[in-house]
Each structure stands twice: as C-alpha cells, then as structure tokens.
Amino acid sequence: MLEIIDLHAGIADREILKGISLTVRAGEVHAIMGPNGSGKSTLAQVLAGHPAYEVTGGSATYDGEDLLALPPEERAQKGIFLAFQYPVEIPGVTNAYFLRAAYNEIRKSKGLDEIDPMDFADLVEERLRLVDMDREMLQRAVNAGFSGGEKKRNEILQMAVLGPRLAILDETDSGLDIDALRVVAHGVNSLRRPDNATIVVTHYQRLLNYIVPDRVHVLAGGRIVKSGGKDLALELEARGYDWLVEAAPAGVAGAAV
Amino acid sequence: MTVHGFLDDFSKFAADHGRNPEWLLPVRRAAIERFGERGFPTTRDEDWHFTSAARIADAEFVSLAAGGGDVRAADLEPFTFGATDWTQLVFVNGRYTPELSAVGALPAGVRVASLADALREGVPAVRERLTSLAALDHGAFVALNTALFVDGGFVHVPANVVVERPIHLLFVADADGASGAAHPRTLIIADRHARATIVESYVAVGDPMYFMNPVTEVVLADGAHVTHLRVQRESERAYHVGTTQAHQGRDSKYSSFSFATGAALSRTNIYTVLAGPGGEVTLNGLYMADGTQHVDHQTRIEHVAPNCTSHEVYKGVLDDAAHGVFNGKVYVHPEAQKTDGKQTNNNLLLSPDAHIDTKPQLEIFADDVKCTHGATVGQLDENALFYLRSRGLGADDAKTLLTYAFAADVVQRIDEPAVRDALETLARERFVGAMPAGVG
Numbered sequence: 001m002l003e004i005i006d007l008h009a010g011i012a013d014r015e016i017l018k019g020i021s022l023t024v025r026a027g028e029v030h031a032i033m034g035p036n037g038s039g040k041s042t043l044a045q046v047l048a049g050h051p052a053y054e055v056t057g058g059s060a061t062y063d064g065e066d067l068l069a070l071p072p073e074e075r076a077q078k079g080i081f082l083a084f085q086y087p088v089e090i091p092g093v094t095n096a097y098f099l100r101a102a103y104n105e106i107r108k109s110k111g112l113d114e115i116d117p118m119d120f121a122d123l124v125e126e127r128l129r130l131v132d133m134d135r136e137m138l139q140r141a142v143n144a145g146f147s148g149g150e151k152k153r154n155e156i157l158q159m160a161v162l163g164p165r166l167a168i169l170d171e172t173d174s175g176l177d178i179d180a181l182r183v184v185a186h187g188v189n190s191l192r193r194p195d196n197a198t199i200v201v202t203h204y205q206r207l208l209n210y211i212v213p214d215r216v217h218v219l220a221g222g223r224i225v226k227s228g229g230k231d232l233a234l235e236l237e238a239r240g241y242d243w244l245v246e247a248a249p250a251g252v253a254g255a256a257v
Numbered sequence: 001m002t003v004h005g006f007l008d009d010f011s012k013f014a015a016d017h018g019r020n021p022e023w024l025l026p027v028r029r030a031a032i033e034r035f036g037e038r039g040f041p042t043t044r045d046e047d048w049h050f051t052s053a054a055r056i057a058d059a060e061f062v063s064l065a066a067g068g069g070d071v072r073a074a075d076l077e078p079f080t081f082g083a084t085d086w087t088q089l090v091f092v093n094g095r096y097t098p099e100l101s102a103v104g105a106l107p108a109g110v111r112v113a114s115l116a117d118a119l120r121e122g123v124p125a126v127r128e129r130l131t132s133l134a135a136l137d138h139g140a141f142v143a144l145n146t147a148l149f150v151d152g153g154f155v156h157v158p159a160n161v162v163v164e165r166p167i168h169l170l171f172v173a174d175a176d177g178a179s180g181a182a183h184p185r186t187l188i189i190a191d192r193h194a195r196a197t198i199v200e201s202y203v204a205v206g207d208p209m210y211f212m213n214p215v216t217e218v219v220l221a222d223g224a225h226v227t228h229l230r231v232q233r234e235s236e237r238a239y240h241v242g243t244t245q246a247h248q249g250r251d252s253k254y255s256s257f258s259f260a261t262g263a264a265l266s267r268t269n270i271y272t273v274l275a276g277p278g279g280e281v282t283l284n285g286l287y288m289a290d291g292t293q294h295v296d297h298q299t300r301i302e303h304v305a306p307n308c309t310s311h312e313v314y315k316g317v318l319d320d321a322a323h324g325v326f327n328g329k330v331y332v333h334p335e336a337q338k339t340d341g342k343q344t345n346n347n348l349l350l351s352p353d354a355h356i357d358t359k360p361q362l363e364i365f366a367d368d369v370k371c372t373h374g375a376t377v378g379q380l381d382e383n384a385l386f387y388l389r390s391r392g393l394g395a396d397d398a399k400t401l402l403t404y405a406f407a408a409d410v411v412q413r414i415d416e417p418a419v420r421d422a423l424e425t426l427a428r429e430r431f432v433g434a435m436p437a438g439v440g
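Sequence lines, in order, name chains A and B.
Mapping the first sequence onto our numbering, position 237 (from 1) lands on 237, and the numbers just tick up by one.
Mapping the second sequence onto our numbering, position 437 (from 1) lands on 437, and the numbers just tick up by one.
Treat the hints as calculated values from the structure; they're not laboratory data.
Predicted, not measured: the structure shown is a model, and the values here were computed from it.
Every residue, glycine too, gets a C-beta built ideally from N, C-alpha and C.
Among the hints, a few may not be true.
Once the Cα atoms are required to be at most 25 Å apart in a straight line, the calculated DSS-like pairs of lysine-lysine come out as [what the hints assert, rightly or not]:
# : chain 1 : residue 1 : chain 2 : residue 2
1 : A       : Lys151    : B       : Lys399
2 : B       : Lys370    : B       : Lys399
3 : B       : Lys253    : A       : Lys110
4 : B       : Lys370    : B       : Lys338
5 : B       : Lys342    : B       : Lys359
6 : B       : Lys399    : A       : Lys78
7 : A       : Lys108    : B       : Lys399
8 : B       : Lys342    : B       : Lys370
Heads up, incomplete: computed chain A residues facing chain B, CB under 7 Å, no partners named [unchecked claim]:
#  : residue
9  : Ile11
10 : Ala48
11 : Glu54
12 : Pro72
13 : Glu73
14 : Ala76
15 : Gln77
16 : Leu82
17 : Gln85
18 : Ile90
19 : Pro91
20 : Gly92
21 : Val93
22 : Ala102
23 : Ile106
Some chain B residues flagged as far from chain A (calculated, every beta-carbon gap over 12 Å) [said to hold, decoys possible]:
#  : residue
24 : His138
25 : Ser255
26 : Ile364
27 : Thr372
28 : Leu401
Start from the sequences and build out the full structure, keeping to the hints where you can.
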C-alpha cells in the first residue's frame with residue numbers, strides 16, 4: 001500500500017529525514033518510535049503533504065502512485081488521514097459542518113453525490129459512540145476550547161467518519177490519561193480492516209499495549225535504526241532509546257523492512 | 001464640502017424657524033461656530049492620524065432639499081433582515097418616508113417616531129435629552145450634524161417596558177441623494193429597566209456618491225438594557241462619518257455591534273460612558289473592506305463609576321489595497337475601582353497591499369482594576385489551512401472557509417437571530433462567494 005524508499009526531507013534548509021525506507025501493507029499496523037527530535041512527526045507531516053516541508057530525495061508510493069506529487073487534499077481524498085499531534089482550533093466553523101464538508105469532498109473526488117444529510121447524521125451518531133463523545137460537540141466550533149483529550153478524540157472521530165485506508169496517528173497518546181487512551185485505542189482498533197493500514201507514531205510504548213503493532217521501527221537522527229516485532233517496543237520501554245541511538249553508525253541508510 | 005459651504009448652509013437653515021424650536025437654535029449656533037473655528041480635522045489631529053478627511057472637506061456637497069428619492073418597498077428587501085413584524089422607520093436621503101415605514105405592535109407608552117415630528121410636537125424628553133450627550137466636545141463632524149440635522153429616529157421606551165421585536169431605523173440613499181450631504185440625528189431613550197433592540201442601518205440603492213454624517217445618542221437609565229446593532233452598507237462611492245454616544249446608568253447593559261462593509265471612506269465612532277456602578281458594555285464589530293476602501297473604527301469606553309464591566313471584540317478582514325483603522329480607548333477614572341475591561345482587535349490581511357493601523361489604548365487611573373487588551377494582525381494560519389486540506393478540502397475552499405470562520409466568530413455573538421443570520425450571509429457573500437448553508 002505504501003512504499004517509502006530513501007526519503008529525505010526537511011524544513012528551511014535543515015534536513016530532518018535522512019533516508020527513510022519503509023513498506024506498509026494492507027491490514028498492517030506499524031509503530032514508529034523514537035526519541036524527541038528524531039523526525040517522527042516530520043515523517044507523518046511529509047506523508048500528509050504539509051507544504052512547510054520540502055522533500056529533497058527519495059520516493060513515497062501509495063497504491064502505485066507517486067504520493068509526493070499530490071497536494072494534501074488529494075492525498076486525503078485517496079484515503080490518507082493524519083491524526084494531528086496538535087489539532088488546530090477553528091472558531092467559527094462547527095464540527096458538524098466540518099465533518100460533512102470533508103466527507104462530501106471525499107465523495108465528490110470519487111464521482112459520488114453528496115450524502116443525504118439524514119444519512120450523514122446517522123453515520124456521525126454511530127461514530128460518536130465509538131469515541132464516547134456527546135452529540136452536542138457537533139454544534140461546537142472545531143476544537144475551539146476543547147481539552148487536550150477532547151481534541152485527540154475529535155481526531156479519531158474524524159478518522160472514524162472519513163474511513164481512511166491509511167491512517168497516521170501522530171503522538172495521539174500524548175497528554176491522554178489512561179481512560180482517554182483506552183477510548184482512542186478502542187476507536188482505532190474498531191476501525192481496523194484487512195484492507196486498511198495504520199501507522200502509529202509514538203514516543204512511549206504505553207499506547208502499543210492497546211493498539212498492537214505488527215512492526216515496530218525506531219527512528220533516530222532522521223533514520224530508522226532498528227525494526228522488529230511488537231516485542232521491540234517492550235525492549236525500548238525497558239532499556240530506553242540510548243543504546244540504539246549510540247549504536248547507530250553515522251551515514252548508514254535506514255534499514256528497510 | 002468646504003467649511004464655507006457648510007457655513008452658508010447654516011445661514012439659510014437658521015432662517016427657517018419651522019425647523020428650529022427656540023431652545024435648539026443657540027445649540028446649533030454654538031455648534032456651527034465651533035465648526036467654523038476649528039474646521040475639518042487633519043491628519044495632524046491625533047484621532048485622525050490614519051484617516052484623512054480631505055476627500056470630504058474638499059468635495060462640493062449640496063445640502064439635500066426636503067423629501068426626494070425614488071425608493072420603492074421592493075428596493076429595501078435586501079436590507080430588512082427578512083423581518084415582517086418589526087417596527088421600521090425608513091429615511092430616504094435623510095428624511096423620514098412614512099410610505100415605506102411601518103410601526104408594528106408596540107407596548108403602551110413606547111414612542112417610535114421621526115425626530116422631526118417629535119421636535120415639532122415639542123416632546124419634553126427630546127428637549128431634555130437631545131444634544132445632551134454629543135454636541136460640542138465631539139469634534140467637527142458632530143458639530144456639523146448638531147448645526148444642520150433635520151431628521152432622524154426617535155425611540156423612547158418607558159420604565160419597566162420590554163420591547164420584544166427589534167426597532168429598525170433604515171437610512172437609505174439613492175440617486176436623488178447623489179452629491180448631497182445628510183446629517184441624520186437619532187435619539188434613543190431607555191428609561192429605568194426598559195429593554196429594547198435597535199437596528200440602525202445605512203444603505204444605498206444603486207451606487208451614488210454622497211456624504212452621510214449621522215449622530216446617535218443613546219440614554220440608558222438605571223437597569224436599562226439596549227442592544228444596538230449598527231449596519232453600514234453604504235454605496236462604495238459614499239463617505240460615511242458616524243458617531244454614537246451612549247450614556248449608561250447603574251446596572252444598565254449596552255450591547256453594541258458595528259458591521260461595516262460599505263463606503264469609499266467610513267469612520268465609525270462608538271463611545272459610551274459607564275456613569276453608574278454595575279454597568280456593563282459590550283462593543284463588538286466586524287469590518288470587511290476590499291478595493292481601495294478605507295474603514296476606520298474608533299471606540300471609547302469611559303469607566304466613571306466602580307464595578308463596571310466592558311468587553312470589546314473587533315475583527316477586520318481586509319483584501320486588495322483596503323486600509324483599516326482601529327483605535328480603541330478604555331479610560332478608567334480614579335473612582336472606577338473594580339473595573340473589568342477586556343479589549344481585542346484581530347485583523348486578517350488577505351493581500352500584501354492591504355493595510356491596518358490598530359491602536360488599543362488603556363488609560364487607567366484607578367489601582368484596583370482588571371484590564372487587558374490585545375491586537376493581532378495576520379494572514380490565514382498555514383497550519384489551519386493544512387489541517388483543512390488534510391481532510392480533503394481544496395486549497396481555495398480551505399482559504400474561503402477560514403476567512404469566513406474568522407469573521408463569523410464575532411458575528412455569532414449577536415443575540416438577535418435575524419440580524420445575526422443576515423450578517424453571517426453578508427460575510428459569506430462578501431469574500432467567500434457561495435458557500436453551503438449551515439456553516440455556522
């Protein structure tokens with residue numbers, strides 16, 4: 001589904017990703033772990049198409065198509081979803097409007113008519129239950145005045161409504177208490193299907209107790225320095241990141257999976 | 001119009017005793033003398049530093065003859081908020097036009113009339129209050145209005161009376177008013193614990209060039225609540241200088257909203273005095289300009305009495321080579337302890353040639369107060385744009401939605417639903433073209 005080869009990217013002349021290679025197949029959950037500043041969030045933003053980042057080398061292919069050539073909205077329309085680490089507040093636009101506008105844009109890109117508002121209300125109602133949110137949140141402005149936990153749940157709600165093929169969760173666990181973490185994880189797990197895939201970006205192993213990954217990759221200094229199964233996350237929890245960061249020889253391209 | 005032109009106007013005007021109750025003439029004389037001495041403000045005047053009145057001062061406006069205008073009821077439809085049961089007084093080129101007006105069901109004792117009629121009748125409240133709040137100390141344009149006003153709105157709500165439906169004072173200019181100057185004067189009096197919503201609109205049919213110079217005085221007695229929505233949608237060739245002066249008694253509540261999208265050059269002054277303890281004021285507003293429009297707002301909140309609250313949010317959206325000005329003064333007198341004041345001015349510049357001068361001013365002479373102010377000037381937030389695009393919205397749609405959201409945020413604070421919905425629609429149409437309904 002997604003094949004990244006030797007990806008280099010940065011911001012304002014500073015290279016942050018220094019050769020990432022990664023393959024994600026349908027049905028898989030991949031965890032990207034690593035210390036702060038290792039490039040985890042940059043990778044997530046580059047995959048979603050944030051215009052502030054410049055890709056300086058390598059490739060990313062999504063369903064056989066050059067992902068990096070697409071503007072962010074086309075990536076979304078083709079099924080890529082980024083759950084933001086810092087969801088943006090948009091006073092003046094209600095969640096109800098935002099969800100419907102996004103949903104319809106994706107339908108339009110597939111040549112489908114806009115959804116009937118009543119059908120959409122039913123869909124949202126059902127998805128709200130999945131993330132344990134009240135329907136009154138629909139009339140509130142997007143993320144405006146939301147607590148940290150509410151913002152993260154709202155990201156998962158959007159994901160649940162839009163039904164992406166490839167979901168990228170960028171530090172969705174940060175700032176969540178254990179109950180909120182369970183709610184978020186339950187939402188993500190409920191949406192897993194054999195034909196979609198998830199990339200979980202996280203600093204801590206904690207979330208991976210609830211969303212069990214098929215593969216774990218450790219990112220350090222803009223490269224993947226180690227990949228393994230779910231046990232690698234437990235090892236990182238026990239030993240920290242230092243042993244990997246120190247052991248990574250300079251100038252070695254990231255390990256392909 | 002030149003200073004001399006207006007002085008000549010006054011000489012003719014003062015000779016017409018039908019328009020001048022005996023008590024008013026000395027007030028008018030004092031005003032025109034003050035205007036004659038000082039003339040129009042220049043950019044050397046602190047309050048006019050960013051707005052040049054030269055285009056008004058140098059133009060040759062004619063004084064509008066009585067009556068005139070060819071406005072039909074259908075022409076007013078875009079300006080009436082879809083309301084059918086409001087009391088609505090229509091003034092064409094500054095003069096009351098009864099054929100277009102309708103006085104709906106009003107509670108006993110409530111008076112809504114043209115000021116000219118009220119003056120002719122010798123209504124005591126008019127004599128007592130008119131020019132008591134704004135006359136000599138408010139600068140050249142208020143002086144000019146005081147000297148030359150002929151008509152305008154008069155609203156008087158007696159004690160303990162609640163007027164449920166909004167009262168709309170609709171000032172329309174049309175081709176017959178072209179090259180003319182009008183100085184409408186409005187007096188709003190809410191007695192103790194009275195409540196009312198007043199909508200004051202300035203609009204045009206067609207795109208005539210004219211000078212509109214209205215002054216509105218609002219008296220809030222103890223415990224009175226007045227919501228005052230001001231809508232400036234003048235012709236884009238017009239000049240508009242408007243002043244509102246409110247005076248608030250104990251525990252009164254004044255909620256003002258200024259919406260300004262019209263005129264080649266507009267200046268809106270909204271001033272209030274919190275004279276009794278426990279008073280509350282909200283001054284909110286939205287200005288949107290494009291092309292070469294110039295839009296200036298000046299507000300002044302005077303905290304004279306203790307334990308009063310003032311909240312102010314003004315937002316501006318400026319495109320093309322438009323120039324915006326915001327100057328918000330909050331003045332806290334030494335006796336005004338426990339004042340709670342908050343002032344915000346946020347501006348969105350959609351073009352590199354758009355320009356804003358914003359100047360929040362706090363002057364505090366009491367020591368136990370909580371006052372904050374802040375101003376921002378910016379472009380659309382890149383992260384917000386990316387957030388919307390990452391959900392599938394195209395770049396143009398995302399910009400549109402964010403611009404609308406910026407403006408709608410302050411419009412949504414209007415309590416009167418018909419006005420709120422109408423202004424939201426205007427905000428949408430102004431910059432964002434057709435968007436699906438139900439955005440807000």
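Against the structure, the hints:
no., hint, result
1, Lys151(A) with Lys399(B), "holds (22 Å)"
2, Lys370(B) with Lys399(B), "violated (36 Å)"
3, Lys253(B) with Lys110(A), "violated (53 Å)"
4, Lys370(B) with Lys338(B), "holds (7 Å)"
5, Lys342(B) with Lys359(B), "holds (14 Å)"
6, Lys399(B) with Lys78(A), "holds (21 Å)"
7, Lys108(A) with Lys399(B), "holds (19 Å)"
8, Lys342(B) with Lys370(B), "holds (8 Å)"
9, Ile11, "violated (12 Å)"
10, Ala48, "holds (5 Å)"
11, Glu54, "violated (14 Å)"
12, Pro72, "holds (4 Å)"
13, Glu73, "holds (5 Å)"
14, Ala76, "holds (4 Å)"
15, Gln77, "holds (5 Å)"
16, Leu82, "holds (5 Å)"
17, Gln85, "violated (11 Å)"
18, Ile90, "holds (6 Å)"
19, Pro91, "holds (4 Å)"
20, Gly92, "holds (3 Å)"
21, Val93, "holds (5 Å)"
22, Ala102, "holds (4 Å)"
23, Ile106, "holds (5 Å)"
24, His138, "holds (35 Å)"
25, Ser255, "holds (20 Å)"
26, Ile364, "holds (29 Å)"
27, Thr372, "holds (18 Å)"
28, Leu401, "violated (6 Å)"
When each numbered hint is compared with the structure, violations occur for hints 2, 3, 9, 11, 17 and 28.
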